[in-house]
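Undergrad: Residue strings, one per chain:
There are 4 protein chains.
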Amino acid sequence: MDIVMDADALNEFLSSEFPQVAAEYRVERVDRSRLMVRLKVGEAHLRPGGTVSGPSIFALADLAVYCAILARIGPVALAVTTNASIDFMRKPEAGKDLIAECRVLKLGRVLAVAEALIYSKGGAEPVARCSMTYSIPPKR
Amino acid sequence: MDIVMDADALNEFLSSEFPQVAAEYRVERVDRSRLMVRLKVGEAHLRPGGTVSGPSIFALADLAVYCAILARIGPVALAVTTNASIDFMRKPEAGKDLIAECRVLKLGRVLAVAEALIYSKGGAEPVARCSMTYSIPPKR
Amino acid sequence: MDIVMDADALNEFLSSEFPQVAAEYRVERVDRSRLMVRLKVGEAHLRPGGTVSGPSIFALADLAVYCAILARIGPVALAVTTNASIDFMRKPEAGKDLIAECRVLKLGRVLAVAEALIYSKGGAEPVARCSMTYSIPPKR
Amino acid sequence: MDIVMDADALNEFLSSEFPQVAAEYRVERVDRSRLMVRLKVGEAHLRPGGTVSGPSIFALADLAVYCAILARIGPVALAVTTNASIDFMRKPEAGKDLIAECRVLKLGRVLAVAEALIYSKGGAEPVARCSMTYSIPPKR
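Chains as they are written, first to last, in UniProt numbering: chain B, 1 to 140; chain X, 1 to 140; chain L, 1 to 140; chain U, 1 to 140.
Any given hint could be a false lead.
Claimed, not checked - Heads up, simulated DSS-like pairs for lysine-lysine below, C-alpha to C-alpha not over 25 Å straight-line:
1) B:106 to U:121
2) X:91 to L:106
3) B:96 to U:106
4) L:96 to L:121
5) B:121 to U:106
To be verified - To give an idea of the chain L side of the interface with chain X (calculated C-beta under 10 Å), a few residues:
6) 72
7) 75
8) 76
9) 80
10) 85
11) 110
12) 115
13) 117
14) 125
15) 129
16) 131
17) 135
To be verified - If you only want the chain X side, here are some residues facing chain L, beta carbon under 8 Å, derived:
18) 24
19) 126
20) 133
Note that these hints are calculated values from the structure, not bench results.
Yeah, the Cβ is synthetic: ideal placement off N, Cα and C, and Gly gets one too.
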């Protein structure tokens, strides 16, 4: 599974295709084994009490998996999530960005499976884990 | 599992506790068998092409399950999602609100399990299904 | 989604294709809305203490979903499970068979999604819930 | 999370508590980061065509997670699975045992979360991945 889009290419793609959310995220690293994305945590992501909301963590995992697949199949693909399973394990630390660390487990002709661990920036224990299946559109 | 908060009480609770998101949702019906919540779909929920985003559907399911649990245990509880599994099955219809129809399968001392089907308003086939586990805080 | 295999046809198919397990199960009812399968609980399904084991409940849910898909696409298909999510909610009653009640939520060209609730025979509350995705083989 | 039961202790525990299944499995390695269990694949685990069945893979993952938790909390505990999510990604190789490699992500007071990757013995790519939540019984 060669990498065909690096972190810069992915960030540019997000900015042009998803301008409304791209400013919240930054792909920080891509290689054959791992992709890392940062969520720049802001007011919109917080629950009362200052914790990052579950849906914001889900959105980060989804974006990380999406980028990890695009990194391998290129920017034209219209991949969509078909299944996700997520465990919320710890409260994110207040005032810290979140980092998703994503690994692609299978990149098939029709389906891709990946998993992500989510950490508070600098934290040792994962806040959440997520596995996702994406449907890969047929090549034209 | 008696209902201790009706739709009005839940909507008031959301407005006071989650003012930043409450305007997007409305609990439309609560009884012992079902709870229904509407997501008023707006620009912020859309992906390019006009489809409601996966994270927005996840957030709707999460809110529906949360409300279904509060309807049974009352407004003081600090319940949190511990696990969610979601299947995205069909593209939501453009320009339609989404309706989550939620059913509580178990309300234990420590854990609650519920499932939700998500429909485009007026649609016959579900757009997504979701099951969630919530951790119930111990009574004081 | 017309039904092309009824309960008798499914039971015969199981007997001829999966003789080693078919004796444990019986498809009891199939229609457009529901399929019901019984697990005849025996020693091999029990954990110490007399409870049906988790893997036996998983196997029942898997078989129910498989039959519900075959009921709609016919006996030739080589459908395989790609994803399953299961919640174990209550202890099955000792000495009772288990009933899986399965509903197909989507039958696409490539993927099918179904869910099953598992009950102790005669019980009112579900023992477990399961959702599964099956990959449908391409038509020849 | 100190290890309080090593591989030998776990294998002895399985033999005495689950004599009907213990012969199929062997815990091969336990340390703070990983636990590995082998499923000795036999006729009973196969589907027509010689592939290991989905429920057999589920049972292996379940046993691996159970052992990984016992390795940390000791043999007396009556932990039970509350949730599992599994992705079946590749066909196991015919005639090979399966290896589950399990990692504990959280060991809380009430819930434990772990994940397992399943490989055909000697294979480089995982056959399946599974994440599970166990409920930990209160200390007496």
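Undergrad: Please go over all the hints and tell whether each is borne out by the structure.
TA: Structure-based check of all given hints:
no., hint, verdict
1, B:106 to U:121, "holds (18 Å)"
2, X:91 to L:106, "holds (12 Å)"
3, B:96 to U:106, "holds (20 Å)"
4, L:96 to L:121, "holds (6 Å)"
5, B:121 to U:106, "holds (18 Å)"
6, 72, "violated (15 Å)"
7, 75, "violated (25 Å)"
8, 76, "violated (25 Å)"
9, 80, "violated (17 Å)"
10, 85, "holds (4 Å)"
11, 110, "violated (12 Å)"
12, 115, "holds (7 Å)"
13, 117, "holds (8 Å)"
14, 125, "holds (8 Å)"
15, 129, "holds (6 Å)"
16, 131, "holds (6 Å)"
17, 135, "violated (14 Å)"
18, 24, "violated (25 Å)"
19, 126, "holds (6 Å)"
20, 133, "holds (7 Å)"
The structure fails hints 6, 7, 8, 9, 11, 17, 18 (numbered hints given earlier, in ascending order).
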